[in-house]
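Enquirer: Order-wise, the sequence lines are chains H, G, E, W and X.
If you count by the numbering used here, then the first sequence holds residues 17 to 292, one letter each, in order.
If you count by the numbering used here, then the second sequence holds residues 33 to 369, one letter each, in order.
If you count by the numbering used here, then the third sequence holds residues 283 to 428, one letter each, in order.
If you count by the numbering used here, then the fourth sequence holds residues 128 to 451, one letter each, in order.
If you count by the numbering used here, then the fifth sequence holds residues 8 to 670, one letter each, in order.
Honestly, the hints are just simulated from the structure, not real lab data.
There could be a bad hint or two in this list.
[What the hints assert, rightly or not] So the derived label-pair ranges between C-beta atoms look like this:
#: 1; chain 1: G; residue 1: Glu46; chain 2: W; residue 2: Glu286; range: 42 to 52 Å
#: 2; chain 1: H; residue 1: Ser290; chain 2: W; residue 2: Glu195; range: 53 to 63 Å
#: 3; chain 1: W; residue 1: Glu446; chain 2: H; residue 2: Met25; range: 34 to 44 Å
#: 4; chain 1: H; residue 1: Lys167; chain 2: W; residue 2: Pro355; range: 46 to 56 Å
#: 5; chain 1: X; residue 1: Leu536; chain 2: W; residue 2: Asn356; range: 33 to 43 Å
#: 6; chain 1: W; residue 1: Glu286; chain 2: X; residue 2: Val617; range: 31 to 41 Å
#: 7; chain 1: G; residue 1: Glu46; chain 2: W; residue 2: His272; range: 52 to 62 Å
[Stated by the list, open to error] Using 20 Å as the maximum straight-line C-alpha spacing, the simulated PhoX-like pairs for lysine-lysine come out as follows:
#: 8; chain 1: G; residue 1: Lys208; chain 2: G; residue 2: Lys34
#: 9; chain 1: X; residue 1: Lys626; chain 2: W; residue 2: Lys193
#: 10; chain 1: X; residue 1: Lys235; chain 2: W; residue 2: Lys223
#: 11; chain 1: X; residue 1: Lys319; chain 2: X; residue 2: Lys259
#: 12; chain 1: E; residue 1: Lys409; chain 2: E; residue 2: Lys290
#: 13; chain 1: X; residue 1: Lys319; chain 2: H; residue 2: Lys40
#: 14; chain 1: X; residue 1: Lys135; chain 2: E; residue 2: Lys399
#: 15; chain 1: H; residue 1: Lys91; chain 2: X; residue 2: Lys135
#: 16; chain 1: H; residue 1: Lys157; chain 2: H; residue 2: Lys90
#: 17; chain 1: X; residue 1: Lys206; chain 2: X; residue 2: Lys178
#: 18; chain 1: X; residue 1: Lys376; chain 2: X; residue 2: Lys191
#: 19; chain 1: G; residue 1: Lys208; chain 2: G; residue 2: Lys182
#: 20; chain 1: G; residue 1: Lys105; chain 2: X; residue 2: Lys10
#: 21; chain 1: X; residue 1: Lys148; chain 2: X; residue 2: Lys235
#: 22; chain 1: X; residue 1: Lys448; chain 2: X; residue 2: Lys414
#: 23; chain 1: X; residue 1: Lys626; chain 2: W; residue 2: Lys197
#: 24; chain 1: G; residue 1: Lys219; chain 2: G; residue 2: Lys240
#: 25; chain 1: X; residue 1: Lys615; chain 2: W; residue 2: Lys193
#: 26; chain 1: H; residue 1: Lys91; chain 2: H; residue 2: Lys51
#: 27; chain 1: G; residue 1: Lys105; chain 2: X; residue 2: Lys448
#: 28; chain 1: X; residue 1: Lys113; chain 2: E; residue 2: Lys290
#: 29; chain 1: E; residue 1: Lys409; chain 2: X; residue 2: Lys113
#: 30; chain 1: G; residue 1: Lys105; chain 2: H; residue 2: Lys46
#: 31; chain 1: X; residue 1: Lys319; chain 2: X; residue 2: Lys240
#: 32; chain 1: G; residue 1: Lys362; chain 2: W; residue 2: Lys193
As the structure is a prediction and not an experimental result, all values here were calculated from the model.
Ideal Cβ positions, reconstructed from N, Cα and C, are used throughout, including at glycine.
Here is what each chain is made of, one letter per residue.
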Amino acid sequence: MRTDNLIPMIGVVTEIRQDTPDIKTFRVEKPEGGKCFEHMPGQCAMLSIPGVGEAMFSITSSPTVKDYQEFSIKKCGCLTEWLHAMEPGQQIMIRGPFGKHFPVEDALKGKDLLFIAGGVGLAPLHSVINYVLDNRDDYGKVDIVYGSRSKDDLLDIDEIQSSWMDPANRMDVHLTIDRPQEGWDGHVAFVPTYVEELGFDPNKTVLVCGPPIMIKFVLQALTKLGFQKEQVYTTMELRMKCGLGKCGRCNIGDKYVCKDGPVFRFDELDELPSEY
Amino acid sequence: MKKLSLNSLNQWLEGIAGERRVIAPIEAADQVNYGVWTPDSKIRLDALRTVKSAKDAFFPQVENMMNFRAEGKNLSVEMIDPKAEDFVILGVKACDARSFDILDRVFLSDPYDPFYAARREHATVVTLACGRPDENCFCVNFGIDPADPKGDATMWIVDDTLYLRANTEKGEALVKDLEDADDAAVKAQQAKTREVAEKLPFARLNLKGFDGDHLMEKFNDPHWAELSRACLGCGTCTFVCPTCQCYDIRDFDTGHGVQRYRCWDSCMYSDFTLMAHGTNRPTQVERFRQRFMHKLIYFPSNNEGMYSCVGCGRCLAKCPQNLNIVKVIKALGGDEA
Amino acid sequence: MSVNTEWKPKIVAFCCNWCSYAGADLAGSSRLSYPADVKIIRIPCSCRLNPLFILRAFQRGADGVILCGCHPGDCHYSTGNYYARRRMTLLFSMLSYLGIDSRRTRVEWVSAAEGPKFAATMNDFAKTITELGENVKLGDLRCKEN
Amino acid sequence: MQRELIDRIRALMDEGVATRVLGWKKGEFFYDTEPAILTAEQLDQLVYDSFCGPNLSKYLIQEMPKLEGKIIALIKPCDSYSFNQLCTEHRVDREKVYVIGVGCKGKIDVDKLRARGITGITAIDEDGDTLTVHTLYGDETVNRHEVLLNKCLTCKGKEHRVFDEQIGESEDTSAGADRFDMVKKLEAMTAQERFEFWRGELSKCIRCNACRNVCPACSCVKCVFDNPNTGVQNKAAADDFEENMFHIIRAFHVAGRCTDCGECSRVCPQGIPLHLLNRKFIADIDDLYGEYQAGEEIGQRHPVINYTQEDCEPSVVRERGNQA
Amino acid sequence: MQKIGVFVCWCGSNIAATVDVKAVANALRSEPGVVFSTEYQYMCSENGQNLIKDTIRDYKLDGIVICSCSPRMHEATFRKTALAAGLNPYMVEIANIREQVSWIHKDMTEATDKAIVLGRAAIAKVKKNAPLTAGTSPVTKRALVIGGGIAGIQTALDVADAGYEVDIVEKSPTIGGRMAQLDKTFPTLDCAACILTPKMVEANQHENINLLTYSEVESVSGFVGSFKAKIRKKARFVDEVKCTGCGVCTEKCPSRKGLNEFNMGLNTRGAVYIPFAQAVPNKAVIDASNCIHFRTGKCGICEKNCSAGAIKFDQQDEIIERDYGAIVVATGFKPIDASAFDEYAYNQSKDVVTSLEFERLMNAAGPTKGTLLRPSDGEHPHEIVFIQCVGSRCSRDASKGKEYCSKICCMYTAKHAMLVREKYPDTKVHVFYIDVRTPGKNFDEFYRRAVEQYGVDYIKGMVGKVTVEGKKLRVQGSDLISNEQVHIDADMVVLATAIEPDPTARSIGTMLTASMDTNDFFTEAHPKLRPVESPTAGIFLSGVCQGPKDIPETVSQAGAAASKVIGLLSKNELVGNPCVAHANELLCNGCSQCERVCPYGAITYVEKEVRGPEFRGTKRVAVVNEAVCQGCGACTVTCPSTAMDLKGFSNNQIMAEVDAICR
């Protein structure tokens, strides 16, 4: 039984990358080096700056990375503004991991996987994708559909191009942006439309993450293609404080997103009030 | 069964207070609340309800958890040691005593809360049976017997005599030196109390359908808008409630460092779930619904049917606009039993 | 907490930019001294002083708060100090009602030409606060250094 | 009177004046009436009796944007001041409300009965000044005036400051009491005594925000104490200071606008006499700047956003000698 | 985390002698957010500024704190420095460690500690600063000059010559002011009228100058570049266009009760009158209070005798509303009332006169046609006593006089003494003085000439009492040099009375929101560096309204004020003060309280569509006109929800300072 869940540990931000105009990726290590804790893909951690606040972020890096954890964070509030203003070498407080992870070791194993992400929604899936990549033989065919508002808003584009799109890795990556843009010769469409266009085999297991409106339409598209809700996983974002399922604010129905989520299968969500 | 003349109550308490804190219903500025007893305190065992419940003793409204210091780019954190002092909480009524079981489910489930756990461990709970339930008491609906509350020891007041019964070793240690007594007077009082309790206006609320199986049905019930209309969105019901346990974690910059503390929060507050880009409970209807759904559906769904309400009647007495859980149960209840 | 061998009061002086801050400058250039316990915060006009700031100062351990502005009728913004006068009167009265010594709060009108008055006012106020001692009635214990 | 009121509202609704009415509805007990907005179909639930204490005017703020036509509002004489003040502050549109000035002869405070040890209350018979209280434990008789809400004991009079029509008789229940009585008593104390009085009272505060949320003057779209950007946001009265801070600032923010409706003290679960803070401001304003009653008329400029060149200096506080 | 740079100035030894500047720089270096901290001898010097600029660039600073002299001194300097290095000028805060620390504290430890605290407060504030950009507002290319004396005339001429329109508002029927009343001027003894009247005429004839005599400014609103003034042109009861200034009416007027203002009331004039021969405009005016027609409805002799038909008994006051870009205050002075000085028998004897009255008695256009005669009996005085400092330098009895030195009395008294001795060598002249102050070009030579060449008897000492002894005035004084009592039986006593600002100055000051000192002199924006500007933007000061001055000083200040006005009017638009109020629409309650306290009417309310995390829809919100807002902050405190905040002095900025100071 752990008792230190409320007390954070000190983490050092060792590297900061500007991914898109409003998203930065932060690499966090222990002051003496090494990962702050072990985690599984889809789990989250609480990052805080004393005096500013604490918030839950999904861990972007794969558990297979041994030395550090990474967080891709979009600037949208007080704490994230502070984080974005940070310099490498600064310390922050970190506690975790929290929540349920994607079932990479059971339900997903051996399956054909379809990842669908929009905008910063790639962050939690990033961890799974790299985990799958590092255990490539455990899984079947992998497709990734990723879209954003513009080409400048595509997260991790360098890694996508150099690693995910590397034929050696046997993954099909389908990129799209919302509107035509100079310098973009790839696909232009909203993610749900593109998913429908691509017409995937409904035997795949789907992991989807993005803005609520995107998820809604992706689900419709998948249903059209013959997917069942039991095949689709997503991850949720709500206001959280304790991370332990006690403080009450991420309570939806009889679930606590921080403890029972953030990863849910869509048939599970159907049994919950639509308060997310 | 032991007994003690009410006249010697102070003397007995002084003896206990010599070794550890005694927390009891105390009247200050015209209100009865749990507080640390001193010989100058005006103890009010006769008060049916304290304004705030007894949960403060284990889960205080504000509690400092840790301190941070920053030097240059470096941070340091210092956890506050959970208070490990023994104390006695005295005069807890049956409803509040049950609330501890409910809070235990939350704070002592994995991962357990070190602050709450430390207090629970160091507490001796002395309960007091009710002699005069009020018209808005409804604990009996939740299988609570106001005439025989639990705890480490149980007290009854019959006329000028305090009867005590130890239920645990902790309780035994507390009462062992008192004079022995027979339980005839207690039994008589219990019978009377139970008789009144059965006749209370809310003695038989229909709780059928308040379970996990009817979650979506209750959630989508059309009555919520009407029920919540007059809700001011204040936190009175939450803060007087013995089972409400939502909290907030906040930082306070003292100028010399940062204190991270937790304090009670209320799902009735508009900022409870507010994030930078909006909230998933935009109006008071959703917030109001959350509070009662949690007590009557979500909590029992996760806890073998145990409701997160003990029928203490505080929200009935204290809501500024007379909204309360009984109105919710009645509006949402199935057919009359 | 360490033993308070030499307690020094903390005094916050809010000074309007046009009169009193200039008066403080004049006191400075005239080398008229007043205790270092007085720290000045420049505000554009006495009417900018929000009661929140005064309470904040007390929270953080101030022992006295003084507001200096242009003489009534001389406000750079013509009416600011009239509003400030009413607000502060009411606020001070309320603090006094709550049992906070009314000598811990003060308003003085000091013009840009009144360097000597500025220094004299600060000397007197600092003396009063020193005599009153540490403000224990209105302050946040969490903010005390320990 | 309740019957007459319902009939009249029904007639008004039939005429098309409004489709809904802001009033009170029956609760579980005879005493726990609840503010409600009722349609013609729900009119039978409307109740108007000696237990309709809540001031309803603040509810109109949230109704304003939803309104197509008008809403009928039941306004007691004391509530009419709050209504006017809200109109002055553009929070309520006078044109959108059909005000029925309902008569009031004082409202009963059940908590006062409980404070007398009368519990298990099941019914009350009113016979003039005598109340017969039926309880689970027998009957009790009390004098009606003695168990009126505190705000009724300093009744502002039977006059509605605003109405489209009036129904029912009113009565001034103040019985000549000086509403500043307690303020004066406090002023006469030493600073230490006052400090102890307020520490005793305010330390009970559980920061439930009921006082703020019920207050018709506290109508900010976002309170400074809820706004993380103000630097004073807090959720809990973490210590003495926070307790003081919240109530001082709240009282200051409503100074000049507070109509002395007494709701803050009525709703306080800890029975803190919060109205004594507001009333202190009112007493000072009356004393220093001339008598002023917020909400007397629509469009008033209140004394805290006003001045005269001859105003007293803040040193008057010291000079009045109540620092002792 | 922002990157803040701290620069501690020694100010030579001004700061460094009392504050351990190195310790301050070191202490502030460890404040969170500070990435650079240093000290330097003179931060305001070119080298100092270069140091700041280089550091801003090298360290990519987000804000800087200068610990130096008062921000009233060099805030603008350092803002420009920041701007030059590409940093927003409003990301600069100044900790005043000179005026508030080194100059007033002696103990080095104490001073250093305080300097550190002030530095911390400035750092705390600058971290909450936001880059601000100033808005612009248009400039009305017309100036208003209030007062038509030599100061106003000179300013108006200079501004008009530069090609801008000027309106002169003069409350009396003619321009010319006090200088027109003078006989000769020191130290050259040329005739005042001879040098003034050409200027008056020039002003009258200048195509860019519009004279509004017998007029008063009623109200002024607006702000620099866009003032709006209401001017009341009082009824003269004479058609200015038709009146030829022939003077027939003034001769025929049967009422002779009006005291002649021009001659200090030493003689009377008709109810219809032209103030003096060279009056500009040379138009008659009817003094209704003395006019028989207005009192009884009869008479009308002037009307009958006016061949031009210019008399208009039914004339009404006229209100003129005009826009101005700049306003010059040239309201001048008046001598103080000598009747308060009972010891000098001013009330008892007509032969005790003030210097200005004496000026009229010596003037060829005066009541005695320039012959020096005693007002009581018209006899020639043989012994005259001048008393200096009557009401000036009155530190012991400030209720009667003024604490300040009126500056001009020493010189005009020497002038009077000299003129008397020259015209009437038989007359003995004594002057009682405290000090003789002659710090001006050729002033001391002039004074010595009076003593040495004209034999004026200067007595250092005070006059205790003047008593009327028959036809004589017995002056009892003390001679501090010979240390003996002096008794002089004089024929006349002349009091060099102090001068004070014109009584209208106070109301004009209030109207213009221009600050004044306790003596009602207008305050300059800086006593040394901005002596002709009021702290209120767009208001300029000319002449004695700012402080006692002689004519050449007045004229030079008038010219200086004019050049400031020209500088302002030459701009097409003004860059405003970005430290203005701003309403957060999401937080605004729409209650209108702020609107009611705004002294400038800068706040209006509109129905607006707003979108936020907690509210979407149309609501009533406050909007601030940034060109009109002057940044006082009255609205911010009125707003209970803190929707209204003041840029540059925001709630969070001030609170951060409070926190830092009380830490």
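Enquirer: Now look at each hint and say whether the structure bears it out.
Expert: Right, here's what the structure says about each hint:
1. G:Glu46 x W:Glu286: 42 to 52 Å: 58 Å, violated
2. H:Ser290 x W:Glu195: 53 to 63 Å: Violated, since Ser290 of chain H and Glu195 of chain W (Cβ atoms, about 29 Å apart) do not stay within the stated range.
3. W:Glu446 x H:Met25: 34 to 44 Å: Given a distance of about 58 Å, which is not inside 34 to 44 Å, the answer is violated.
4. H:Lys167 x W:Pro355: 46 to 56 Å: Once the Cβ atoms are compared, 35 Å apart, the range 46 to 56 Å for Pro355 of chain W and Lys167 of chain H is violated.
5. X:Leu536 x W:Asn356: 33 to 43 Å: With a Cβ separation near 39 Å, Leu536 of chain X and Asn356 of chain W satisfy 33 to 43 Å, so the hint holds.
6. W:Glu286 x X:Val617: 31 to 41 Å: Once the Cβ atoms are compared, 39 Å apart, the range 31 to 41 Å for Val617 of chain X and Glu286 of chain W holds.
7. G:Glu46 x W:His272: 52 to 62 Å: 43 Å, violated
8. G:Lys208 x G:Lys34: Distance ~8 Å between Lys208 of chain G and Lys34 of chain G Cα, so the pair holds.
9. X:Lys626 x W:Lys193: The hint holds at about 12 Å.
10. X:Lys235 x W:Lys223: This hinted pair is violated, its Cα atoms lying about 40 Å apart.
11. X:Lys319 x X:Lys259: Holds. Lys319 of chain X to Lys259 of chain X sits at ~16 Å (cutoff 20 Å).
12. E:Lys409 x E:Lys290: 11 Å, holds
13. X:Lys319 x H:Lys40: 83 Å, violated
14. X:Lys135 x E:Lys399: Given that 20 Å is the threshold and the Cα spacing comes to 33 Å, the pair is violated.
15. H:Lys91 x X:Lys135: 19 Å, holds
16. H:Lys157 x H:Lys90: 30 Å, violated
17. X:Lys206 x X:Lys178: 18 Å, holds
18. X:Lys376 x X:Lys191: 14 Å, holds
19. G:Lys208 x G:Lys182: Roughly 18 Å between the alpha carbons, so the hint for Lys208 of chain G and Lys182 of chain G holds.
20. G:Lys105 x X:Lys10: 13 Å, holds
21. X:Lys148 x X:Lys235: 12 Å, holds
22. X:Lys448 x X:Lys414: 14 Å, holds
23. X:Lys626 x W:Lys197: Since the Cα atoms of Lys626 of chain X and Lys197 of chain W sit roughly 19 Å apart, the hinted pair holds (cutoff 20 Å).
24. G:Lys219 x G:Lys240: 32 Å, violated
25. X:Lys615 x W:Lys193: Within the cut-off at roughly 16 Å; holds.
26. H:Lys91 x H:Lys51: 24 Å, violated
27. G:Lys105 x X:Lys448: Status violated; Cα separation ~66 Å.
28. X:Lys113 x E:Lys290: 17 Å, holds
29. E:Lys409 x X:Lys113: 18 Å, holds
30. G:Lys105 x H:Lys46: 14 Å, holds
31. X:Lys319 x X:Lys240: Since the Cα atoms of Lys319 of chain X and Lys240 of chain X sit roughly 15 Å apart, the hinted pair holds (cutoff 20 Å).
32. G:Lys362 x W:Lys193: 29 Å, violated
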